[in-house]
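Colleague: Residue-level listing of the chains:
Number of protein chains: 2
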Amino acid sequence: MARRREWTRETLAAGVRAGDTRALARAITLVENSEPLAYEVVRDLYPETGRAYTIGVTGPPGVGKSTLIGALVRHVRQQELSVGVISVDPSSPFTHGALLGDRIRLADHFLDPGVFIRSMGTRGHLGGLAESTLQAMLVLDAAGKDVIFLETVGAGQSEVEVIGVADTVLLVLMPGSGDSVQALKAGIMEIPDVIAVNKSDHPAAKTMLNEVRSILALDLERAWKPPIVLTEATRSENVEQVWEEVERHRSFLEEHGGLEERRRRNLAGEVFAVASARAKTHLEHAVRDDPELRRLLDEVQRRELDPLTAVREIMEKVFKVEDGNSPDTR
Amino acid sequence: MARRREWTRETLAAGVRAGDTRALARAITLVENSEPLAYEVVRDLYPETGRAYTIGVTGPPGVGKSTLIGALVRHVRQQELSVGVISVDPSSPFTHGALLGDRIRLADHFLDPGVFIRSMGTRGHLGGLAESTLQAMLVLDAAGKDVIFLETVGAGQSEVEVIGVADTVLLVLMPGSGDSVQALKAGIMEIPDVIAVNKSDHPAAKTMLNEVRSILALDLERAWKPPIVLTEATRSENVEQVWEEVERHRSFLEEHGGLEERRRRNLAGEVFAVASARAKTHLEHAVRDDPELRRLLDEVQRRELDPLTAVREIMEKVFKVEDGNSPDTR
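Line order of the protein sequences matches chains B and L. The numbering of the first sequence is my numbering, which starts it at 1 and goes up by one. The numbering of the second sequence is my numbering, which starts it at 1 and goes up by one.
Looking at chain B on its own, in the form it has when it is part of the complex (with noise of 0.2 Å):
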């Protein structure tokens, strides 16, 4: 093993620079850690940055979202692209680190020195998930990827604020995924630029993909229509033609002056996001550390304090907030 290397700010933000794949790992685990070199690192690489294609790929767990981004990855590398994948999905075999018998040998990329794949944890980040993906996004942005793939699961807050980043976002769905659907079409979930509904040898996959379709085409005002493909990614029969979608969304947007537009509201919403999630960590410390604050809880369980107002004493407390329903604050 070699030797551990001590990186300091320059060289670390050099290293980056260079693509050099054991900074760009480094990097990305002090970033993991909000440790303040990573903090200090990206600060100086910011401004090289915004040269890499964002592509969000969510979706239920179980779907097949790796498998895509592996074919979609070697496809990518046939183009002489280099590409960064950044997984925070735990139920994906990127994050597992093994292979789940994918057909699609994830481990050749893992030897590629075009291809850099790295999987976040999902816990115990001071500015929640998307200050972490933000940041190791932003380090593969200045290592010169060109292709960055975010992979994510599920349809919540967490997840949207993950691939809140993306220039475009690819959503997976398989037959037996009703629950989407449903979710689709009751506009619980938001929708996706480009959907590809794997696993195209199961029966029920057309019927699936014509769900899907007839949930789509009632929504008449959007410019963009999100095509639907039918994928098999463990043979990779399709993905070319996801590609060529992602690629058409990103022209579309180009096109149309959208993708400043979409990088300006995705780079708001991300700070945004990530404030909150800071504000949150930081008043969990504050309660767990104060033992004044803890008292207001044993207050609020033996009901002598009503919760609204152990809340207002503690943000009165924690954030010097005056957080009552007064004009204000409204």
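A couple of the hints might just be wrong.
Which copy is meant is left open, so a pair is good if it fits within one copy or across any two.
Stated by the list, open to error - Heads up, simulated DSS-like pairs for lysine-lysine below, C-alpha to C-alpha not over 30 Å straight-line: (1) K317 x K185; (2) K206 x K185; (3) K206 x K317; (4) K320 x K206; (5) K320 x K185; (6) K320 x K225; (7) K225 x K317; (8) K280 x K206; (9) K225 x K185; (10) K225 x K280; (11) K206 x K225; (12) K320 x K280.
FYI, nobody ran anything at the bench for these hints, they're computed from the structure.
Following the hints, complete the assembly by docking chain L onto the known chain B.
Modeller: Below, chain L without anything else, positioned relative to chain B:
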């Protein structure tokens, strides 16, 4: 239409205590609008709460949660228990105020003075949905409702917060809920206390039951083994059995001193969730109203200022929090 009555803190609290339907409706509207009067009334009523038993009903859209709740309400009413229902599911027929072809006559319950049904909008709450549902639940509790159902959709963070006050969590699935089953399997969805697999006349219902059963069987450490019931809510089939399982869970909690412990944890969690949501709202307003903070976002967009530095400046300005990676905030 009756002339709008002017409620005062005293008359509204007295009306709620007496279980007066108009007082209840008014109090919950005030809660939804985060009105100071609502806060005062709940504060006055809080010492009298803690008697109702609260059941959180969750699951993907379209599985028949509201139909099952309707059938449970009918069953519970036969035992002469009074009932409150709060729905925060945007796909719920309760929320739409319409019946959407449900064969169970939900409307019957609307005419029953022993049942109070209320839907909550999903947007614009000062302290988030967690706050509104918690306060509404306390109002119904103070009004003497024996049983309160909280209906919510999905399995994300906000849903967990909404049903975070529940004594028993009931998850409703149906054949085709493959995504939810995968989420349970991957450990992404929290294990509920009781599971109903609805639409049991579907040929795949037993397969789904067995799948869920085998996932739960993997968890050997849990003292309470979540029972799974096959139901057909539109025909009230096995609804009694669902209720028996809820009661069995209640007895389990009470026998082991777990109910007090669970409520303690729930209340602390809710206070924390409400405070976090208030911090988020406060942040949102501050960024919206302050040109200097909006300027920070412009600088981020122009790649002049990195996102985390913008976050730090916002945290310092809005919350007077030195929110660095410095040791004192860890």
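Colleague: Taking the hints in turn, state whether each one holds.
Modeller: Hints versus structure:
1. K317 x K185: Cα proximity of K317 and K185: none, with 43 Å in one copy and 41 Å across.
2. K206 x K185: both (17 Å within a copy, 26 Å between copies)
3. K206 x K317: Result: close neither inside a copy nor across copies, 57 Å intra and 53 Å inter.
4. K320 x K206: Neither: 56 Å inside a copy, 55 Å across copies.
5. K320 x K185: Neither, since 43 Å and 43 Å both go past 30 Å.
6. K320 x K225: neither (47 Å within a copy, 45 Å between copies)
7. K225 x K317: Neither: 49 Å inside a copy, 41 Å across copies.
8. K280 x K206: neither (44 Å within a copy, 42 Å between copies)
9. K225 x K185: Within. Shortest intra-copy distance 16 Å satisfies the 30 Å Cα cut-off; inter-copy 33 Å does not.
10. K225 x K280: Neither way: K225 and K280 sit 37 Å apart in one copy and 33 Å across, limit 30 Å.
11. K206 x K225: within (19 Å within a copy, 38 Å between copies)
12. K320 x K280: Both: 15 Å inside a copy, 14 Å across copies.
Violation of the numbered hints given earlier is confined to hints 1, 3, 4, 5, 6, 7, 8 and 10; the remaining hints are satisfied by the structure.
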